[in-house]
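Q: Sequence:
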Amino acid sequence: MGANNRARRAAKSKARQQARREHAQRDHGQRDRSGRVSGGATGGTGGNSYGGRQHDHDTYDFNDPFARERILTEQVDALWHEVYGAVSRDRSSEPARRRLAQLDASAVNRGAERLLLLQIDQVWAHGWQPAELVRHVTRVTKNRTTRDAVSALVAADYLRRPPTSIDARWRAQIESLDIVQGATTRDWITTALRGAATRAEALLSISETFATLRLGRLDVLIPPPGADSSTTWPPGGGAVAPDTAADPVIERVRNLLAKAESTEFEAEAAAFTAKAQELIVRHAIDQAMLTAGDRRSPEDRPVAIRVFVDAPYADAKSLLLQMIARQSRCRTVFLTGLDMSTVVGFPADVAAVHVLFTSLLVQAQAALNNAARTAAPGTRTRSAGFRAAFYQAFAQRIDERLSEASKHAADAAAAEYGDAFLPVLAGRQQEVDDLFNDRFTNLTSGSMRRSYDRAGWASGQLAADTAKLHRGDLTDEATDDPTPPEPAALRPFSDNQWS
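According to my numbering, the sequence shown is numbered sequentially starting from 2.
Rather than coming from a laboratory, the hints here were simulated on the basis of the structure. None of the values given here were measured: they were computed from a predicted structure. No residue lacks a Cβ here, since even glycine has one placed at the ideal position from N, Cα and C. Be aware that a few hints might be false.
Claimed, not checked - Restraint ranges, calculated between C-beta atoms of paired labels, are given here: (1) D188 / E95: 23 to 29 Å; (2) E252 / T185: 34 to 40 Å; (3) K143 / Q182: 24 to 30 Å.
Whenever a hint applies, use it, and build me the whole structure from the sequences.
A: Here is the structure:
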């Protein structure tokens, strides 16, 4: 090889070495005379707006594995914050995800876990509860990997908390989700990402998880892990389901409604449901009298819960909930876009409203299915118009039936208490109204779009008539052997029903 060729090769080799040194300096800072690298892990000056920071006075020895890990961790965290910032501003996170794909997958996944755990702290502080979050994610995304990531996140967050820092109601929701068994506090995102076909798809799912967890504020009804009751609304952090033994009357109501849901005979279901409603009303009166005056405990105050009102026909179902609540001296507000309603009332009343609403939805669905089987030929029982009209008519007629049942129960209570219970109930109702009106000052009301499907409306009325709730439907032994009532005659149509 000639001297000129050797010189050219040496020059090229020197240039390549210089380029590598410059590349390392851009990525990791300026190298000092001792062979160490100083400066920020991501280059540039100053901090970044997502929590990243520069290390103008730190030094890294590339021969030290801990230094290399620290550099990688800071690179990963900075890029994940870049992803989070992009989705927060509805911009593409693809550039940052492409760079993350070039780094060690385990380090990238651990970085995602760190940021997601920080994000879920904010979600809890904004009032969301575990069951609400998992349900919301299921509603808004079809990405199974994103759903799995959120469930794994909720489980990991729960497992990292001291048991004494978790409210009993919070723990009950976690247990109902059945997500803790097999869950871990480390590498949980790696497990959740197994459904992703490619690394790029996995990183996109994490990005979508960040976006999905950007949620608005709700009232803090249950103190999040580590928080106390001072953070909750209503003040005092009252519990619908306290740690003490379950209310035996509510349990009896629950059992009656379970029988109503399981029977194939509509008349029998009506008898069980009617008995349950009378128990609810009488229990509320007895509870009010027991806690009246000086006998009232500090825990006997209005509380609030959120109830799921699932689509389809969430508007009509929320109307049914509102009517049930009104008959139990509770107030409701429908959270548009979230398919949930907040229910405010005294603990036993709120619990009864939730139980009865859940059962009536089951019974309404059973009646709707039966109407589809027995409808006249040509009736479009599966159409949206038919089903919307069904639920609207069902809710309207149930309101009438509940009002009748409440009156019968009040008449029975008057035989024992006289008129003494009336001002007590009125006072409790006023407490609920005051709390509700003080909190929800900017409510808007709108008319629900009325469905004009005549067959659906008639079927809904008939279903509610069959489930009508008044004392005459029942004997004293209705709990175990209800006497099936005869279905009421279908009320004739009037013009104002369609206005």
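Q: For the range 34 to 40 Å, tell me whether the beta carbons of E252 and T185 fit it or not.
A: Cβ of E252 to Cβ of T185: about 36 Å, so the range 34 to 40 Å holds.
Q: CB of D188 to CB of E95, is that within 23 to 29 Å?
A: The hinted range 23 to 29 Å holds for D188 and E95, with Cβ atoms some 25 Å apart.
Q: For the pair K143 and Q182, does the Cβ-Cβ distance stay inside 24 to 30 Å?
A: holds (25 Å)
Going down the numbered hints, you'll see the structure goes against none, and every one checks out.
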